[in-house]
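A.B. asks: Going by my numbering, the sequence shown opens with residue 1, and the numbers climb by one from there.
There's no promise every hint is true.
[What the hints assert, rightly or not] As a list, the in silico DSS-like pairs of lysine-lysine whose alpha-carbon atoms are at most 25 Å apart:
id : residue 1 : residue 2
1  : K40       : K25
2  : K598      : K353
3  : K529      : K557
Hints listed in this document are in silico derivations from the structure and should not be mistaken for laboratory results.
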Amino acid sequence: MAVRVFISYAHKDETYRQALETCLKQLQRQGLVDLWHDRKIAPGGERANEISAHLDQAHLILLLVSQDFLASDYCTDVEVDRALERHRQGEAQVVPVILRHCTWDWAPFATLQALPTDGLPIKAWSDQDEVWTQIARALRVEIERRVPSQTAAAPASACPPVAALPAPGPCVGRESILSALNAALLADEPPRILIRGVAGIGKSTVSLVASHAPDIAARYGARRYFVRLDAAKDADGLVSAIALALRSSSGVDLRQSGWRALDSTPALLLLDNLETPWDHDPTGVETVLAELAALPELALVVSIRRGVQPGGVAWSPSIQVEPLRDGESEDVYCAIAGDQHRGEAQLQELLGKMDGVPLAITLLAHAAQGNELTNLVEEWEARRTRMLERGPGPHRSATSWSVSLELSLQAPGMTDEARRLAALLGVLPDGVAQQDLRSLMQDAGPTAARVLAQHALAYFEKGRLRMLAPVREYVELVCPPAEQDLGLAMAFYGELVREQGPLVGRVQGARASARLGADLTNLQILIGKGLNGENPAAWLDAAIALSNFGRFTGLSKLALLEQTLALAESTGDERRAARCAWHLGEFAEVRSAHEEAKARYEQARLMYQRVDDLPGVARCLHHLGNLASSRLAYDEAGAKFEQARLMFEHAGDTLGEANCLHSLGNLASRRSAYDEAEAKFAQARLMFERAGDLHGEARCLDSLGNLASRRSEYGEARAKCEQARLIFQRVGDVLNEAYCVHSLGDLASKRLEYDEARAMYEQARLVFQRAEDNWGEANCNRSLGELALSCSEYDEARAKYEQARSMYQRAGDTWGEAHCKRNLGDLALRRLDYEEARAQYEQARSMYQRVADILGEASCNRGLGDIARGVGNVSDALPKMISR
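Based on the provided sequences and hints, a complete structural model is requested.
C.D. replies: Structural data, given as structure tokens:
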């Protein structure tokens, strides 16, 4: 017998009623449904009597809800009242279908699960086909669930008293979890499974999607029950919620006879948010669970926000729901908000702040509907997690981020110490190293961490206690740390950076670098608070020490250092101000912002002069020499290096003098004066060794390796470069280690080991990109282009050369740009595009002439000669080839 479906609607929504009929047409053809609405009343028919009769005979009643529907006295006072009465008696199922935005959450049916997903109105969906398909699928599940129970003679009241499963929301990236859950639910022995995870991570969605799967539906049929426990406060509440789902009377009768009904044939019971009753009544809830687990035909799936499991049940292996990956987060967002901004950097950055939490992503996507992306980003910056709300509704933990989290924060098992630690984690984005918990919370730290992890408000990962970003954002907003706790944390981390920062670049530098790197964002935030606090001068050294870490890793926050400089200047502390200006010059030099770097070094030099710091003045001159060398002003660079060397010598600063000798060696190498360069490097290396400066020694080894490579002594080059790389790694100099990796890639390429070379270039490129080292990244792109050319991957080669050329141009590196132009000429020549090749070679030759690179100029002449030969112009080719 077909399921009788009654459609209640306002006549102004006629088009929606017609669309609903269209999407259910297949079910009508298959004889599964018998649709009725008031347009089917024959002329002369008694309207009120026919509506009442069909309403009383219906198995499924669909309410097409809009403001017009809510304003209709007949719809609400007659049809809705009777429908809800039959729903409460278990005679029919009522499903609201939300057509347009309206105040349906005030209606008497607001507690019922509505369609579409999350009650988002049909009109608000950008893809109407998608929303009607979703509605059709959800209704088909409900209709097919009822078909086996209908008989020709059965009255409407014989409809089985079971609860409909809510439709699941978007489910992305959970394939392995769903596969494991489905396998367990289809096993011979019904499972007892815990689904664990933090608030909003998608535990409910996973269980619902699994329960809607065709093979699960085939096994359990109508006996699939989803029970929300948000409002259940104890064991009695748990039993009552189950009774409501089963449409049975609650209490002792259910626990004596109802359990037997659940076990008469295979049944699936999904208990959602068990932690709510369990926290208040652990013994009583565990007793109920044990009774349920004793039913041999019952599959029990329980979602819980806890790191521990209830006792009394032999649980199957639990399922942990983890945050989504980046692409999966975007899929969830776009399923709701649309694809118009898919792939945009602004959206990627915003989604990154959701940390892969599906509820936060879903609520953000709803906020994006009818909004503009830039405005959405600005709203997030202004309101943060306060914008993750969807308004009132029956299940607020699924539509409000704050309500969802408060269930965990206010749980009975949460201790005062756990809340204090949570408040600290709210201002520490990097989390807290387990070894530091006692320093921050004394003896209470480890226990507080355990409580937070058990309540799924934080998690342990690689020796650290962390919070997911949207959890942390909310905690920071509503639970700021106590002044005493924050003060203790600031004192601890301030001392950490003052102690470890100066060690980076020295013998124990790698350990210090790893220690600071793990807490970098924490340090930046707390130093910022210190600089803005009551005693900012006390934080100057901490900020400068952190800048030393940034100098070797490329990981720096310039705004913090600029703030430190301004503070030092305002207090008349010129020595510290000079150090800040010098560090800012270094960071600008790494970014190839040479004019900015020059201005900073000059600023620092004048400050050092005023405080009679001769080594400081010499350091600034040395770096100004580096900038001159980058501009190919070799005479100016040499003069500054020599001037700085004499100052260091006068001040008795051996390391400063050795650095200048090393730079003079690099200058000689650039001029192809290799013997002179080798002598300078050897002299500098000896001075570094005597002073015990491993970092300086590594720089000399690296330079000697590059020199050996230019002489085609590749074995020697590789040995020196590898030696240097290991030392840089040991002292924590990430950037120079990356330059060594790039050099090793060059040597692998020369040995025709292209896969090894490509891996090394990519490894180095990522480091340079993160550090915003344009010159280093450009070198890697150019090398990757040369590899692609060697492998006849012409499109890839051209793309890499163009990338590198653009970066060299921004960095003001004429020599690097000339190389790229020449490479583009080689590429065009391979394709027999002679005009393009000629243009590139001539531009490159002009650039080589400007930087006095004879070999580069000769290589361009050779290319021009090859072009002349290719077009048959031998008379033009000969002089070009002779000029090689």
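A.B. asks: Now, for every hint given, state plainly whether the structure supports it.
C.D. replies: Verification of the hints:
1. K40 - K25: holds (16 Å)
2. K598 - K353: Distance ~37 Å between K598 and K353 Cα, so the pair is violated.
3. K529 - K557: Cα-Cα ~14 Å, so holds.
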